[in-house]
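A.B. asks: So the sequences go chain by chain: A and B. For reference, each letter of the first sequence is one residue, going 116 to 230 in our numbering. For reference, each letter of the second sequence is one residue, going 10 to 120 in our numbering.
One thing to keep in mind: the hints can contain errors.
Pairs of lysine to any residue, SDA-like flavour, derived with a Cα cap of 25 Å [said to hold, decoys possible]:
no.: 1; chain 1: B; residue 1: 51; chain 2: A; residue 2: 179
no.: 2; chain 1: B; residue 1: 54; chain 2: A; residue 2: 132
no.: 3; chain 1: B; residue 1: 11; chain 2: A; residue 2: 199
no.: 4; chain 1: B; residue 1: 51; chain 2: B; residue 2: 19
no.: 5; chain 1: A; residue 1: 141; chain 2: B; residue 2: 107
no.: 6; chain 1: B; residue 1: 54; chain 2: A; residue 2: 154
If the Cβ cut is set under 10 Å, some of the chain B residues that face chain A in the computed set are [unchecked claim]:
no.: 7; residue: 43
no.: 8; residue: 45
no.: 9; residue: 50
no.: 10; residue: 52
no.: 11; residue: 58
no.: 12; residue: 94
no.: 13; residue: 97
no.: 14; residue: 107
no.: 15; residue: 111
no.: 16; residue: 113
Bear in mind the hints are in silico, worked out from the structure with no lab data behind them. Quick reminder that beta carbons are idealized off the backbone N, C-alpha and C, glycines included.
So the chains spell out like this:
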Amino acid sequence: DAGVTQSPTHLIKTRGQQVTLRCSPKSGHDTVSWYQQALGQGPQFIFQYYEEEERQRGNFPDRFSGHQFPNYSSELNVNALLLGDSALYLCASSLAQGASNQPQHFGDGTRLSIL
Amino acid sequence: RKEVEQDPGPFNVPEGATVDFNCTYSNSASQSFFWYRQDCRKEPKLLMSVYSSGNEDGRFTAQLNRASQYISLLIRDSKLSDSATYLCVVNMGNSARQLTFGSGTQLTVLP
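Modelling step: build the complete structure from the supplied sequences, incorporating the hints.
C.D. replies: Laid out in structure tokens, this is it:
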């Protein structure tokens, strides 16, 4: 039973560039949430995708966008990268029709460094 | 005010000690509550859900006080392997069941 998988594991970019991060949810899950975790902070919710649409969005600028595919996998795109975008980007999956107290399952994350 | 607040620590305790972490949340509509554990440079992993009646899992006990909007985690007989950052997590209750994380409390258990 495959868990949440993310790629790449590490990425180095320069300011102004664009990046795409990928996530495959846990088998049987249909909902993908993305989080940004800066050093020394807890993860911050970016957005969630369900049925190929953005369902909820956190307090992140439009430079952050995403997509969900029919197989439930998802991409996170960040344009015009800033130094402050350096962080661990986490993907979490869940089942939309699950209980409200079901936990989300996290991938290993992509560590993005902006030079 | 942060939506979920935790004491950042660090807590440095000897093996066998009892440790008590606290957390407060601001949104009274929050529906569900969790403690996650995060090891250095790893992803967060669910430690336990927190129920209104309180719940225990081995050496770990979680408590929820909805009236005070307060959550706690008690670790008894701490082990070296308990060293990690403990994240207090609240489900915001919106349609996305968005999780809001505290900044985490760092625990180091010393031999």
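A.B. asks: Against this structure, judge whether each hint is valid.
C.D. replies: Outcome of the hint check:
1. B:51 to A:179: holds, 23 Å
2. B:54 to A:132: The hint is violated at about 31 Å.
3. B:11 to A:199: Roughly 20 Å separates the two Cα atoms, so the pair holds.
4. B:51 to B:19: Roughly 18 Å separates the two Cα atoms, so the pair holds.
5. A:141 to B:107: holds, 18 Å
6. B:54 to A:154: Holds, at roughly 17 Å.
7. 43: Since chain A brings a Cβ to about 6 Å from residue 43 of chain B, closer than 10 Å, the hint holds.
8. 45: Check passed: Cβ of residue 45 of chain B comes within 8 Å of chain A, closer than 10 Å.
9. 50: With Cβ-Cβ at 8 Å, under 10 Å, it holds.
10. 52: At about 4 Å, which falls below the 10 Å cut-off, the nearest Cβ of chain A leaves the hint on residue 52 of chain B intact, so it holds.
11. 58: It holds, given that the least Cβ distance between residue 58 of chain B and chain A is near 6 Å, below 10 Å.
12. 94: holds, 9 Å
13. 97: Check passed: Cβ of residue 97 of chain B comes within 8 Å of chain A, closer than 10 Å.
14. 107: holds, 5 Å
15. 111: Because about 5 Å separates residue 111 of chain B from the closest Cβ in chain A, which is inside the 10 Å limit, the hint holds.
16. 113: holds, 5 Å
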